[in-house]
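Protein chains in written order, with this note's numbering: chain A, 11 to 243; chain B, 12 to 263; chain C, 282 to 526; chain D, 8 to 255; chain E, 8 to 255.
Source of the hints: derived by calculation from the structure; they are not laboratory data. All C-beta atoms, glycine included, are put in the ideal place defined by N, C-alpha and C. Warning: the hint list may mix true and false statements.
Unchecked claim - List of simulated lysine-lysine pairs, DSSO-like, C-alpha gap at most 27 Å: (1) K81(E) - K246(D); (2) K197(D) - K138(D); (3) K58(A) - K81(D); (4) K81(B) - K224(A); (5) K28(E) - K167(E); (6) K39(E) - K156(B); (7) K109(D) - K145(D); (8) K120(E) - K81(E); (9) K28(E) - K81(E); (10) K138(E) - K109(E); (11) K28(D) - K145(E); (12) K138(D) - K120(D); (13) K167(D) - K145(D); (14) K156(B) - K167(E); (15) K145(E) - K65(E); (16) K65(E) - K28(E); (17) K65(D) - K58(A); (18) K167(E) - K138(E); (19) K120(D) - K145(D); (20) K156(B) - K120(E); (21) K24(A) - K395(C); (22) K83(E) - K39(E); (23) K116(E) - K145(E); (24) K83(E) - K109(E); (25) K145(E) - K83(E); (26) K138(D) - K246(E); (27) K145(E) - K156(B); (28) K83(D) - K58(A); (29) K81(D) - K120(D); (30) K156(B) - K246(E); (31) K156(B) - K116(E); (32) K28(E) - K156(B); (33) K24(A) - K358(C); (34) K156(B) - K109(E); (35) K65(D) - K167(D); (36) K512(C) - K358(C).
Said to hold, decoys possible - Computed far set for chain D versus chain A, every beta-carbon distance over 12 Å: (37) S49; (38) E68; (39) F96; (40) H104.
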Amino acid sequence: MSFDVSLIFSALPKMLMGIGLTFQLLVLSGVLGLALAIVLMLMRVSGKWYLDWPAQTYIYIFRGTPILVQIFIVYYGFPQLEFIREGILWPIFRDPFGCAIVALTLNTGAYVSEILRGGVLGVDRGILEAGEALGLNRCQRFTYLTTPIAARLALPAYGNDVISLLKSTALVSTITLADMTGIARTIVAQTYAPYEIFISLAIVYMIITLFIQKLMARIERWLGRYTVRTGQT
Amino acid sequence: MGRRAQVRRPIFTLNHEKGHAVDVLTGWWDDFFWGSVVVAQVFLASLVLMVIFGLLGAAAKLSSNRIFQKIANGYTIVFRGTPEILVILLLYFGSAIALTAIAQVFNPEIKFLDVPPFWAGTIAIALIVGSYATETFRGAFLGVKPGSIEAAQALGMNGFQVFFYVRVAEMWRLALPAFGNHMLSLIKDTALISIIGLNETLFVAKQAIATTGAPFIMYIMVGVIYLGFSTVITLTVMTLEYYGTRHMRSAT
Amino acid sequence: ETLRVGMECTYAPFNYRTDAGELAGYDVDVATGVAAIMGADLEFVCQQWDGMIPALLANKFDLIVASMSITNQRLEKIDFSSPYRDSVGRLVGRSEANLNLFDEASNPIPENFKGLRIGIERASTYEAWFNATLPDAETVLYDGNEPMYLDLRNGRVDAIMTNPMKAHLSFLATEEGSGFEFVSPAISEIEYFGTGVGIGLRQGQPELMARLDAAIKQLINDGKLTEFALKYFPFPIHNEKWGDS
Amino acid sequence: MSATQPLIRMEHVGKNFGTFKALHDFNLVVTKGERIVVCGPSGSGKSTMIRCINRLEKHDEGRIFIGDIELTDKLKDLNAVRREVGMVFQSFNLFPHMTILKNLMLAQKLVRKTPKDEAREVAMHYLNRVKIPEQADKYPIQLLGGQQQRVAIARALCMKPEVMLFDEPTSALDPEMINEVLEVMTDLAKDGMTMICVTHEMGFARSVADRVIFMDAGEIVEEATPEIFFGAPRNERTKLFLSQILTH
Amino acid sequence: MSATQPLIRMEHVGKNFGTFKALHDFNLVVTKGERIVVCGPSGSGKSTMIRCINRLEKHDEGRIFIGDIELTDKLKDLNAVRREVGMVFQSFNLFPHMTILKNLMLAQKLVRKTPKDEAREVAMHYLNRVKIPEQADKYPIQLLGGQQQRVAIARALCMKPEVMLFDEPTSALDPEMINEVLEVMTDLAKDGMTMICVTHEMGFARSVADRVIFMDAGEIVEEATPEIFFGAPRNERTKLFLSQILTH
Ligand SMILES: Nc1ncnc2c1ncn2[C@@H]1O[C@H](COP(=O)(O)OP(=O)(O)OP(=O)(O)O)[C@@H](O)[C@H]1O
Ligand SMILES: Nc1ncnc2c1ncn2[C@@H]1O[C@H](COP(=O)(O)OP(=O)(O)OP(=O)(O)O)[C@@H](O)[C@H]1O
Ligand SMILES: [Mg+2]
Ligand SMILES: [Mg+2]
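Based on the sequences and whatever the hints tell you, model everything.
What follows is the structure, encoded as structure tokens:
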């Protein structure tokens with residue numbers, strides 16, 4: 011089979027029509043997942059077993075099973091449950107986009123919460139003790155000391171998770187969504203030219219990945235400006 | 012033949028028909044079992060390959076050879092930036108073509124060589140996770156305290172001895188936690204190989220759904236199986252970590 | 282000689298796995314029958330529908346026996362044997378919805394498709410027909426046939442276009458299918474649905490094609506195809522004119 | 008807090024970590040203006056003792072009073088105590104993500120509710136006192152160790168505490184920087200600040216301390232004026248310790 | 008190596024890091040049995056100098072001889088030199104994943120090809136000498152700092168070196184542990200071991216050193232017997248440094 015470059019040029023614009031959907035999935039489930047992650051992380055570090063255990067179980071289940079299976083359970087499995095089909099959330103679960111957001115959010119939330127927890131645990135105890143000795147209460151210490159330092163510690167790992175999330179969005183084509191991958195698969199099914207289409211799509215994803223990495227590096231530099239010893243003897 | 016096609020069971024609902032859940036699975040247990048065996052096989056094969064790819068990548072990145080560094084950088088950029096599903100599809104469709112082309116260079120007689128879905132999928136996920144392992148191994152090698160290495164050099168050990176007895180011996184302990192996560196990624200990525208028709212658990216579930224029309228219970232079943240695998244891996248890593256960090260616990 | 286045959290393995294009653302784990306269905310019977318006549322061994326390869334032709338071209342298997350219709354578009358890439366069953370499509374929808382999609386002359390009424398979501402399998406003849414005839418209809422693409430039925434029942438799509446034999450047998454005639462009905466006449470425009478369903482093979486193999494044709498003809502003449510069909514359907518699903526009679 | 012009564016009273020204080028007794032029947036009274044140096048071998052409970060005073064550790068037995076307030080779990084009391092007790096750590100523990108000025112202003116604003124401008128003035132005042140006003144807008148990492156520790160002292164002083172606690176403030180510093188920190192501490196002592204200071208800097212102890220306390224195994228082994236302590240220690244363990252510290 | 012000729016000769020040695028000259032026209036001759044203490048402010052090139060001697064750093068200019076062997080890139084020479092030169096680091100640098108005994112046996116087996124049983128005997132001999140034979144089966148982290156440093160000394164001694172290099176061996180230690188390490192070093196000196204020792208422990212220098220060398224900015228600023236060095240230093244920089252080190 012020969013490599014047909016002209017095909018790429020005709021297919022690329024079509025595939026890029028799916029980029030909007032890819033970004034919607036990425037941003038929406040990224041933001042919702044972060045919110046979920048913060049809740050889970052707070053439950054984990056609360057020191058109360060009745061908050062810690064449920065969070066731990068949740069994280070264990072969602073990190074221990076494939077995202078594809080989670081997507082299938084939400085999309086194909088949930089509608090079998092009467093209370094979902096009759097419930098008020100049915101408009102969300104009826105819609106494949108809603109299902110994709112739910113599955114991706116639940117999944118990334120589990121991962122990110124562990125990253126955030128790592129950041130929180132990474133904050134030097136001595137710094138918190140200094141805050142305590144100065145009379146700052148728990149809440150003030152968390153807001154003014156733990157949060158900014160933990161955010162900076164967690165950022166590199168968080169960046170990697172955003173990239174994982176981007177890659178996971180490619181799986182929504184299995185539940186009828188026409189994201190970039192979904193469109194590409196349809197084109198392949200019509201043109202029978204998997205290499206041209208998939209390779210050019212892979213390059214598109216790589217460019218987005220590099221873009222995310224650059225963005226994260228920039229945020230990291232900004233957040234971490236206090237970690238560089240510049241201009242001082 | 013065709014029994015199920017003609018007399019379809021009513022579709023499973025959790026609410027009104029208790030006990031139905033297990034009923035639906037009757038006849039599919041052995042399929043899930045063999046599907047799990049396939050998952051285990053893919054996992055073990057890709058684990059070996061992943062370690063090899065990771066070590067090669069790390070060695071290349073740490074080497075002073077610019078070309079090796081470039082290749083390894085390219086490798087990690089490509090495989091960390093491309094969705095797994097695309098890598099698997101590409102390798103599945105592309106492997107036969109590429110292999111045949113290579114083989115024909117050596118022996119023009121060869122009509123075609125094929126990579127079966129098992130190996131296409133296995134190599135694909137090993138390449139993907141190997142790109143992450145590259146960074147882990149690299150970091151672990153760098154994490155070995157330079158002081159240990161200098162002490163070994165000062166004692167007169169040669170390059171090989173320093174590498175083997177000090178670097179590697181310390182490095183694997185450092186790599187272990189992240190490596191455990193890579194193993195979890197591998198096991199979970201095996202689910203994607205169902206897309207190219209490998210008869211693993213998720214594919215079994217799809218077939219079972221075609222016959223029983225009970226996606227919820229079938230996919231939950233797959234989830235449970237994967238959770239089992241993840242648990243075994245996690246426990247193994249914990250044991251190894253316990254063993255590997257003896258020297259970090261104080262005796263008192 | 283071993284022939285590797287690609288199929289979906291999830292398309293009851295044409296090709297699917299029984300709960301005993303065995304492959305069964307009309308396509309499987311045809312493949313087995315053809316192989317027996319040709320004196321070849323068989324090996325089945327399960328392949329998701331949208332990758333069927335790329336996989337054949339990538340040498341993943343030698344033949345497609347997967348209810349694939351012989352269409353012009355496909356003929357550009359692969360060859361087909363002579364047909365072994367009919368190829369038609371029909372829409373299935375909810376009875377209550379009173380969908381009025383076609384006029385008396387059996388032509389679609391595009392306005393009435395507005396706002397409807399139609400489920401179709403990716404890369405199927407139905408998709409090609411839809412894209413050409415009703416480019417403005419909203420189509421939802423599936424990787425397999427079964428999820429499409431699930432979503433029809435769940436109300437995620439308003440209608441699906443599919444194989445009427447399968448739809449009748451494994452859906453409409455069952456309990457789950459109550460409340461649903463065919464909402465279109467049988468559509469079989471040759472341009473999209475081709476002359477029927479055939480066995481796909483890579484181009485440039487006239488000899489293999491001739492042997493396949495002969496074997497199919499023999500199956501028809503021996504009454505085998507009718508026999509196969511009656512295992513699943515109350516009627517034969519091929520055209521007797523394709524045989525010698 | 009009135010000057011007539013002791014500022015700190017520790018009565019039969021005990022503290023256990025699991026089965027290990029880090030402090031045992033510990034008694035100490037510190038009056039206003041007193042300067043106390045605490046020394047003793049590693050693990051003898053010096054840090055634990057000092058951390059009990061501002062309740063970074065909770066004592067398990069006995070009672071501790073800061074002024075009139077007894078240290079208990081009551082939050083209001085605790086905050087009142089922490090406001091009166093300044094603490095300086097071995098590892099500086101500056102807030103790494105804030106500039107020096109912000110380090111000095113944070114607790115003033117949050118705990119004392121000092122208005123921003125006033126907080127800044129106070130901060131600059133104490134930065135001047137520790138002689139590094141020019142570093143106000145730098146981040147901690149950009150300062151040398153000795154400078155960081157001086158900032159840490161200034162940060163504690165900004166809260167206008169009645170007592171200052173020092174836990175080995177110079178032992179993480181390079182030799183050249185130790186003196187600059189000790190100088191600041193000596194100045195503070197001269198101004199009449201009440202201080203409890205864990206340190207092995209015997210020169211400092213000699214010139215500043217009113218009392219030297221030697222701890223071992225969670226107890227006070229010897230307590231004396233510097234003259235007696237260094238000149239004629241009575242206890243064998245003290246003698247051994249002093250010989251180890253002073254010979255090199 | 009014969010006793011008549013110097014054990015270590017450094018001639019016009021220079022070492023640059025980028026454009027920065029860490030060592031500059033450095034000359035030093037050490038004869039067998041000599042004990043040399045090197046001191047100087049941070050960054051003055053002490054570590055660099057000592058690391059050049061067993062080629063943990065490569066010098067850029069001049070020549071270095073260990074016995075008859077000149078230090079070059081030749082591997083065989085390098086191994087011969089490293090066998091004769093023992094080194095002790097500030098941060099101990101024990102192999103964390105091996106027990107104490109294994110730490111002492113590894114290089115013997117790999118470099119000297121000593122049989123296992125003999126290696127163990129040698130190891131136990133030196134562990135006895137540094138007075139911690141009972142710790143043989145523990146891991147480094149389970150030992151106190153002073154004990155770890157003594158193990159590190161024993162490890163170097165196991166290779167039966169001609170010279171021992173010490174790079175601030177006590178500056179990472181708590182005060183109480185410094186003496187136990189200095190004692191081991193003093194013993195070693197008494198046994199006639201040739202030693203070059205970077206340290207700021209002036210008591211040790213006084214009692215042990217044949218010569219004290221004061222370095223600054225990569226050069227030798229002053230070189231004298233301990234009596235003269237501490238009693239009547241000639242150079243201004245030396246005086247300033249000594250005043251900083253000794254006052255506290
Ligand atoms: N959080 C803790 N958990 C368990 N044990 C502790 C804890 N904090 C201190 N200890 C133990 O209590 C004992 C006294 O510790 P402390 O830090 O008070 O000693 P120290 O005199 O300050 O020693 P150093 O000079 O090393 O700072 C030590 O044996 C220490 O191991
Ligand atoms: N690998 C290196 N790369 C760049 N510069 C270095 C390197 N090693 C040392 N230097 C620089 O060389 C100078 C001398 O360093 P060296 O470690 O020899 O000083 P030192 O006298 O041992 O100081 P200290 O008392 O802090 O150990 C320092 O300014 C240091 O920054
Ligand atoms: Mg302490
Ligand atoms: Mg040094």
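Verification of the hints:
| no. | hint | result |
| --- | --- | --- |
| 1 | K81(E) - K246(D) | 54 Å, violated |
| 2 | K197(D) - K138(D) | 17 Å, holds |
| 3 | K58(A) - K81(D) | 21 Å, holds |
| 4 | K81(B) - K224(A) | 19 Å, holds |
| 5 | K28(E) - K167(E) | 34 Å, violated |
| 6 | K39(E) - K156(B) | 33 Å, violated |
| 7 | K109(D) - K145(D) | 10 Å, holds |
| 8 | K120(E) - K81(E) | 21 Å, holds |
| 9 | K28(E) - K81(E) | 25 Å, holds |
| 10 | K138(E) - K109(E) | 17 Å, holds |
| 11 | K28(D) - K145(E) | 25 Å, holds |
| 12 | K138(D) - K120(D) | 26 Å, holds |
| 13 | K167(D) - K145(D) | 23 Å, holds |
| 14 | K156(B) - K167(E) | 25 Å, holds |
| 15 | K145(E) - K65(E) | 35 Å, violated |
| 16 | K65(E) - K28(E) | 13 Å, holds |
| 17 | K65(D) - K58(A) | 20 Å, holds |
| 18 | K167(E) - K138(E) | 18 Å, holds |
| 19 | K120(D) - K145(D) | 24 Å, holds |
| 20 | K156(B) - K120(E) | 26 Å, holds |
| 21 | K24(A) - K395(C) | 23 Å, holds |
| 22 | K83(E) - K39(E) | 23 Å, holds |
| 23 | K116(E) - K145(E) | 20 Å, holds |
| 24 | K83(E) - K109(E) | 26 Å, holds |
| 25 | K145(E) - K83(E) | 34 Å, violated |
| 26 | K138(D) - K246(E) | 25 Å, holds |
| 27 | K145(E) - K156(B) | 20 Å, holds |
| 28 | K83(D) - K58(A) | 24 Å, holds |
| 29 | K81(D) - K120(D) | 21 Å, holds |
| 30 | K156(B) - K246(E) | 37 Å, violated |
| 31 | K156(B) - K116(E) | 22 Å, holds |
| 32 | K28(E) - K156(B) | 26 Å, holds |
| 33 | K24(A) - K358(C) | 22 Å, holds |
| 34 | K156(B) - K109(E) | 18 Å, holds |
| 35 | K65(D) - K167(D) | 24 Å, holds |
| 36 | K512(C) - K358(C) | 33 Å, violated |
| 37 | S49 | 18 Å, holds |
| 38 | E68 | 22 Å, holds |
| 39 | F96 | 6 Å, violated |
| 40 | H104 | 5 Å, violated |
In the structure shown, a violation is registered for the earlier hints numbered 1, 5, 6, 15, 25, 30, 36, 39, 40, in ascending order.
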